[in-house]
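Trainee: The residues making up each chain are set out below.
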Amino acid sequence: MRRLLSLSRSVVGKKVIMAVSGLILFLFVVGHLLGNLKVFEGAEKFNAYAEGLRTVGAPFFGRGQLLWIARIALLVSLVAHVWAALGVTLASRQARPVGYRYLETSETTYAARTMRWGGVLIFLYVVYHLLDFTFGRLNPSFEPGNVYHNVLASFARWPVSAVYIAAMLVLGLHVYHGAWSALQTLGWHRPPTDRWRRGFAAAVAGVIAGGYITIPVAVLAGVLR
Amino acid sequence: MTSALNARVPAGSLETKWTRHRSEIRLVAPANKPKHHILVVGSGLAGASAAASLAELGYGVSCFCFQDSPRRAHSIAAQGGINAAKNYQNDGDSIFRLFYDTLKGGDFRAREANVYRLAELSVNIIDQCVAQGVPFAREYGGLLANRSFGGVQVSRTFYARGQTGQQLLLGAYQALSRQIGRGKVRMYSRHEMLDLVVLDGAARGIVVRDLVSGRLSSHVADAVVLATGGYSNIYYLSTNAKGCNVTAIWRAHKRGAAFANPCFTQIHPTCIPPTGHHQAKLTLMSESLRNDGRIWVPRSRGDGRAPNEVPDAERDYYLERLYPSYGNLVPRDVASRRAKEVCDEGRGVGPGGHGVYLDFRDAIARHGRHVIAERYGNLFEMYERITGEDPYQVPMRIYPAPHYTMGGLWVDYNLMSAIPGLFVIGEANFSEHGANRLGASALMQGLADGYFILPYTIGDYLAQAKLAPADASHAAFRQVEREVDERVQKLLAAQGRRSADQFHRELGRLMWDHCGMSRNAAGLRQAVERVRALRQEFWEDVYVGGVGADFNQALEHAGRVADFFEFAELMCHDALHREESCGCHFREEYQTPEGEAKRDDERFGYVAAWEFTGVGNPPVLHKEPLTFEVVHPSQRSYK
Amino acid sequence: MDLTLHVWRQAGAATAGRFVRYELGDVSPDMSFLEVLDLLNQQLIGRREEPVAFDHDCREGICGACGMVINGRPHGPRAATTACQLHMRHFPEGAEIWVEPWRARAFPVVKDLVVDRSAFDRIIQAGGFITARAGSAPEANAIPVPKGDADRAMDAAACIGCGACVAACPNASAMLFVAAKVSHLGLLPQGQPERAQRVLRMVEVMEAEGFGACSNHGECMAACPKEISIDFIARLNRDYLTSVFRHQPSEEGPDPAEG
Numbered sequence: 001m002r003r004l005l006s007l008s009r010s011v012v013g014k015k016v017i018m019a020v021s022g023l024i025l026f027l028f029v030v031g032h033l034l035g036n037l038k039v040f041e042g043a044e045k046f047n048a049y050a051e052g053l054r055t056v057g058a059p060f061f062g063r064g065q066l067l068w069i070a071r072i073a074l075l076v077s078l079v080a081h082v083w084a085a086l087g088v089t090l091a092s093r094q095a096r097p098v099g100y101r102y103l104e105t106s107e108t109t110y111a112a113r114t115m116r117w118g119g120v121l122i123f124l125y126v127v128y129h130l131l132d133f134t135f136g137r138l139n140p141s142f143e144p145g146n147v148y149h150n151v152l153a154s155f156a157r158w159p160v161s162a163v164y165i166a167a168m169l170v171l172g173l174h175v176y177h178g179a180w181s182a183l184q185t186l187g188w189h190r191p192p193t194d195r196w197r198r199g200f201a202a203a204v205a206g207v208i209a210g211g212y213i214t215i216p217v218a219v220l221a222g223v224l225r
Numbered sequence: 001m002t003s004a005l006n007a008r009v010p011a012g013s014l015e016t017k018w019t020r021h022r023s024e025i026r027l028v029a030p031a032n033k034p035k036h037h038i039l040v041v042g043s044g045l046a047g048a049s050a051a052a053s054l055a056e057l058g059y060g061v062s063c064f065c066f067q068d069s070p071r072r073a074h075s076i077a078a079q080g081g082i083n084a085a086k087n088y089q090n091d092g093d094s095i096f097r098l099f100y101d102t103l104k105g106g107d108f109r110a111r112e113a114n115v116y117r118l119a120e121l122s123v124n125i126i127d128q129c130v131a132q133g134v135p136f137a138r139e140y141g142g143l144l145a146n147r148s149f150g151g152v153q154v155s156r157t158f159y160a161r162g163q164t165g166q167q168l169l170l171g172a173y174q175a176l177s178r179q180i181g182r183g184k185v186r187m188y189s190r191h192e193m194l195d196l197v198v199l200d201g202a203a204r205g206i207v208v209r210d211l212v213s214g215r216l217s218s219h220v221a222d223a224v225v226l227a228t229g230g231y232s233n234i235y236y237l238s239t240n241a242k243g244c245n246v247t248a249i250w251r252a253h254k255r256g257a258a259f260a261n262p263c264f265t266q267i268h269p270t271c272i273p274p275t276g277h278h279q280a281k282l283t284l285m286s287e288s289l290r291n292d293g294r295i296w297v298p299r300s301r302g303d304g305r306a307p308n309e310v311p312d313a314e315r316d317y318y319l320e321r322l323y324p325s326y327g328n329l330v331p332r333d334v335a336s337r338r339a340k341e342v343c344d345e346g347r348g349v350g351p352g353g354h355g356v357y358l359d360f361r362d363a364i365a366r367h368g369r370h371v372i373a374e375r376y377g378n379l380f381e382m383y384e385r386i387t388g389e390d391p392y393q394v395p396m397r398i399y400p401a402p403h404y405t406m407g408g409l410w411v412d413y414n415l416m417s418a419i420p421g422l423f424v425i426g427e428a429n430f431s432e433h434g435a436n437r438l439g440a441s442a443l444m445q446g447l448a449d450g451y452f453i454l455p456y457t458i459g460d461y462l463a464q465a466k467l468a469p470a471d472a473s474h475a476a477f478r479q480v481e482r483e484v485d486e487r488v489q490k491l492l493a494a495q496g497r498r499s500a501d502q503f504h505r506e507l508g509r510l511m512w513d514h515c516g517m518s519r520n521a522a523g524l525r526q527a528v529e530r531v532r533a534l535r536q537e538f539w540e541d542v543y544v545g546g547v548g549a550d551f552n553q554a555l556e557h558a559g560r561v562a563d564f565f566e567f568a569e570l571m572c573h574d575a576l577h578r579e580e581s582c583g584c585h586f587r588e589e590y591q592t593p594e595g596e597a598k599r600d601d602e603r604f605g606y607v608a609a610w611e612f613t614g615v616g617n618p619p620v621l622h623k624e625p626l627t628f629e630v631v632h633p634s635q636r637s638y639k
Numbered sequence: 001m002d003l004t005l006h007v008w009r010q011a012g013a014a015t016a017g018r019f020v021r022y023e024l025g026d027v028s029p030d031m032s033f034l035e036v037l038d039l040l041n042q043q044l045i046g047r048r049e050e051p052v053a054f055d056h057d058c059r060e061g062i063c064g065a066c067g068m069v070i071n072g073r074p075h076g077p078r079a080a081t082t083a084c085q086l087h088m089r090h091f092p093e094g095a096e097i098w099v100e101p102w103r104a105r106a107f108p109v110v111k112d113l114v115v116d117r118s119a120f121d122r123i124i125q126a127g128g129f130i131t132a133r134a135g136s137a138p139e140a141n142a143i144p145v146p147k148g149d150a151d152r153a154m155d156a157a158a159c160i161g162c163g164a165c166v167a168a169c170p171n172a173s174a175m176l177f178v179a180a181k182v183s184h185l186g187l188l189p190q191g192q193p194e195r196a197q198r199v200l201r202m203v204e205v206m207e208a209e210g211f212g213a214c215s216n217h218g219e220c221m222a223a224c225p226k227e228i229s230i231d232f233i234a235r236l237n238r239d240y241l242t243s244v245f246r247h248q249p250s251e252e253g254p255d256p257a258e259g
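Protein chains in written order, with our numbering: chain B, 1 to 225; chain Z, 1 to 639; chain R, 1 to 259.
Careful: at least some of the hints might be erroneous.
To be verified - Covered by chain R, according to a simulated footprint, are these stretches of chain B (three or more residues, beta-carbon under 8 Å):
no., segment
1, 8–16
2, 41–51
3, 94–104
4, 179–186
Hint data in this document are derived by calculation from the structure and do not stem from the laboratory. No residue lacks a Cβ here, since even glycine has one placed at the ideal position from N, Cα and C.
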């Protein structure tokens, strides 16, 4: 615990916390995608999957218990991720009180430069996303338990789909820099494979963003109905 | 002073002198060491290693450097390597052979016992540096690699790519940093020593200027160590860093330290030729290039063809022709002089005919491009960056440039100068290299002095010195501080029309022409007159600008140039008095029919140590005879 | 060639600075960038104006003294090149050039283009060394070092401590500098005994000096005149992480050898 505390006090340590919490959130994003893609198997199977999230772990866990454990873990990760990001950002802001007239960049990527604002956008989108699909407040015809219906109802309106697609592109960028950055921050490097790390991160980010985007596209195109 | 010139070489056979001396000199008890304070001026290989080692022993140490960090001392620029008689290559090397090569390379103008000690300690240096984490080049089996270097026939040079000086310096800097972190050394970066304070006949402190605030302050100690490097910048254009200067040792000389062999200055053969009047300094390329590169000029004068268009039959590989057994690996002085000679004949290449080719065509054909790239890649890149030419395709052009000064403050076997309590180490002293330094020996000497010699010998002095307590408020310190301040104010008050830089260029040109690669009596006499006149002009017509109590780089430079002006005269005097040619000191009047240096051991087999008698007054010569117990001086031959 | 220079002038740490415009003629393409500043300074002295202060020493790209941001890039537009080795043939005729000092809280401006980089020294003092008393070293060939390790240690050790990495980093982070030293010593067998405490102490001091955080932009590597790779930063991170959890600090006390 003492060591964890000393880790949290240092900026390098905060980066580690950001990387670990980011990886947990990343695993959620992957799992969520795999689940969501079941939408292509039809209403019955998709709704059964949604129900299964609540009953998984039975009989050892009661209904929804495991889901809540996962939600709490995600919430803790999110808080840690944001807290670390704030700490790191603050340290960096303070590190250069007088700015350059102009500083050219060459190595950095658009993804790297937009991590902070991208994170904020993703957070705002997640709030909207929860209000839409989990709490149903912003869904045009929310039916508890009929997840398939809720998804189609929402994505049928093109502005919602557009915002979703945009959010997934932002997520893709965030995951691209995040994944490569986490490998770097956690020190997972071996000299001969170093040059593959960026490619790996790009592939993962592309699959995630692309995978999610197929759903609203399929709804708008009438593939899912 | 004559008595002070006792070299104090211990008795006994050459091989046992140092061991015996070490066992017999006085020691300072561990409990007493913290009571002694030592000032180390300079943080290069010699200074940093000395400051770190003295602090390890328990002495109180303050270290000074004019750079913004001790890591930037000019030792960092040494490229090629460091010699050590490890005989790892099984090619017949030995301590005696390294000793002999160094003494012979120096044309028998160095003290035999000192050189032997240096060769002896060379092996310890490598051990020490490896333990510190210096990443020397290694073979595939994990053991240390070696290469051969100019002037010798064995492979005994250890190297870290082309950055050996940097890596050795970082090792010493890190050892020093450790002591700074532990509070055992107080480091004063951006502080320049401007004078030495002598009290009751012993060196007791220095006056420094804080280069950021301009404030002068005094530092008191039981002993002062100067590790302030060489004075090649007297030529203005040299391979030394812009900040290198003679000030510290010149001020010590003016306070009573004898200056030995000031005319022994080395001109390095492999530098990138200057391109124009704007040139601020010259860039050296490692002499290791001569291992694989072949030096040539066209046979005929004024051959305007591109180098690759000159057929072999019309090329003159003049070093291979003149010196069949050493070829391109002859010592630096010989290589430089021969380059100047072919250029003077009108066969030089490049702008102004100031250059000869260093060609890798044959080496690339023999070993392949990748091997050459592995050996010299960073040097080739550097050359291309500066000249815009690709040495893999077009031969390099090289020309000699001032590089190292063998002369320096006179020291005895204990590295103590003529002023008790003033020790001088590294390039700043005169001791080991005689009239010419062999490649990869400067790093060796700096580290031997700092890690392994001074830490012992300074104890011998401190153990017996009877020093009265003193502090910076003592009248002697106040007086020196006042003198330093007056000089600073005088520079600022001149308010003339020319910058110190312009004067420095003029002085450099003068010294290069008359006291450079070759010298003659008429030229030297003329130079003395010109230096005097120019010095007077300097003090009347220099413009510095700004104020003393500020970060003022023009003022720093002006102060250094002022000292070069005083020192230049001594250098010419020494060159004029030494009526022989030896090593880098080539007097045109004294040469063999083949144009080789003609030594005169009868008349000049001594160290010329000069005593200061006032600016503009003729210095007084003291001779330390060089006696050779083991080696018999011979005519150097590299044929 | 003719040039227009806009040079940052600042009298001291406590005063505000500004760009001053200078027209410069008769510049040779063979000049280095620092020789252009020399030329400017000679003209300023001729006009009895104060010359531009800038750090420089070896002018061979190895001492690390020089450093300034030239047209938005530390050490100027050429890769693997320090300002002293940057030649004017790489600029077009009539170029307009903006020159600024390194900007970081940990590198306060001393004057004009000169900054105080002593924070780097303090990081090294905290642990950037191998403790090896003079005289106690074992025979140099007693411990073989695989050539690959020695070569990579040398890649890291090539750092010249110029501070371009900090200057280029959008966060003014010093991670590349620290990583280079930690990796240089950590890759060698001689560096193992102090490996954990070295990285912990160096990182601690680095952060106390006020450098920013590494966000893995890679700008440091692009600006580094010695092209030191950010792979060493990954190595530093791993060393740091394992050291935080595994290192058993020995009792703090005086050096055992010195009592």
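Trainee: Now tell me if each hint is right for this structure.
Mentor: Going down the list of hints, with the structure as the test:
Judged by the Cβ-Cβ criterion of 8 Å, the segment 8–16 of chain B is covered by chain R as claimed, because 7 of its residues qualify and three suffice. For the segment 41–51 of chain B, the assignment as covered by chain R is violated, since 0 residues bring a beta-carbon within under 8 Å of that chain's beta-carbons and 3 are needed. Counting residues of the segment 94–104 of chain B whose CB lies closer than 8 Å to any CB of chain R gives 11, which reaches the minimum of 3, so the coverage claim holds. Restraint check on the segment 179–186 of chain B versus chain R: 6 residues with Cβ-Cβ distances below 8 Å, three needed, restraint holds.
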